Amino acid sequence: MTDVTSQTLRQWREAQGWDVPRMARELRKAARDTGEDVAAHHGLVKMIPQWERGNRAPRERYRLLYLKIFQDALGGRSQGMALGMEFALRLAEVRSRAASLPGPGQIGALEAAALAKPKKTLTPAEIRALAAEAIAHLHKVAAKLTELSALLGDDQAEAGQP
Amino acid sequence: MTARDDKIKQVVAELDRHIAEVEANVAILKALLADGESPGEEDPL
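Top line first, the protein sequences correspond to chains U and Z. Quick note on this note's numbering: the first sequence kicks off at 19 and runs consecutively. Quick note on this note's numbering: the second sequence kicks off at 345 and runs consecutively.
One should not assume that every hint holds.
Distance windows between CB atoms, simulated [what the hints assert, rightly or not]:
| hint | chain 1 | residue 1 | chain 2 | residue 2 | range |
| --- | --- | --- | --- | --- | --- |
| 1 | U | His157 | Z | Thr346 | 24 to 34 Å |
| 2 | U | Arg79 | Z | Glu358 | 21 to 31 Å |
| 3 | Z | Lys374 | U | Ala33 | 39 to 49 Å |
| 4 | Z | Leu377 | U | Asp55 | 32 to 42 Å |
| 5 | U | Leu85 | Z | Arg348 | 19 to 29 Å |
| 6 | U | Ala131 | Z | Asp350 | 17 to 27 Å |
| 7 | U | Thr164 | Z | Asp349 | 17 to 27 Å |
| 8 | U | Gln34 | Z | Asp349 | 44 to 54 Å |
| 9 | Z | Glu358 | U | Ala150 | 11 to 21 Å |
| 10 | Z | Thr346 | U | Pro142 | 48 to 58 Å |
Heads up, simulated BS3-like pairs for lysine-lysine below, C-alpha to C-alpha not over 25 Å straight-line [unchecked claim]:
| hint | chain 1 | residue 1 | chain 2 | residue 2 |
| --- | --- | --- | --- | --- |
| 11 | U | Lys47 | U | Lys86 |
| 12 | Z | Lys353 | U | Lys47 |
| 13 | U | Lys86 | Z | Lys374 |
| 14 | U | Lys137 | U | Lys158 |
| 15 | Z | Lys374 | U | Lys158 |
| 16 | Z | Lys374 | U | Lys137 |
| 17 | Z | Lys353 | U | Lys135 |
| 18 | U | Lys158 | Z | Lys353 |
| 19 | U | Lys64 | U | Lys86 |
| 20 | Z | Lys374 | U | Lys138 |
For the record, the hints were derived by calculation from the structure and aren't laboratory data. None of the values given here were measured: they were computed from a predicted structure. The beta carbon of each residue, even a glycine, is placed where N, CA and C say it ideally should be.
Please work from the sequences and hints to get the whole structure.
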């Protein structure tokens, strides 16, 4: 498991000799077999490259379909590869969540708006502490993304918000 | 499973935890704002 970026999705698709439309057909076929509802073919053709670039993370039902397809394609020969796939999908999901976090400025604006309206549930000090804690964790998210990119040997630290 | 793989998994787990903390705090701040806009403050007439 040396390459655990979202690019793994593309590499494993290409390892099967499948282009994006074929991958879409395989996802729809796997969904039919399990009775799942999935996006139309043209929708999948748009989404698959986004998943492979890490711009978006596939939802759980698509992650499960990917696992089913590649486990079937491997004939159950490589549990390690299936685990790698699962981890690559988890990594894509975490990076996508990190990319969708608000920045420190947006958190500060939320704090200011919350302070502007008197609250019964939280004191102003508690609201300030909540926002400060969120920003502190946001900085840790950025640091961990940088550390992760260094470990993966890529330059995909763009998901860092701060 | 190499030491590097273990380290990557550890960093992802820590990243996940920090993201969850930010998401939770932001959700509370947004909920406070939503409460402030509740109809209870409006004139009942």
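Query raised in the report: Which numbered hints turn out to be false for this structure?
Result: Structure breaks hints 6, 8, 12, 13, 14 and 17.
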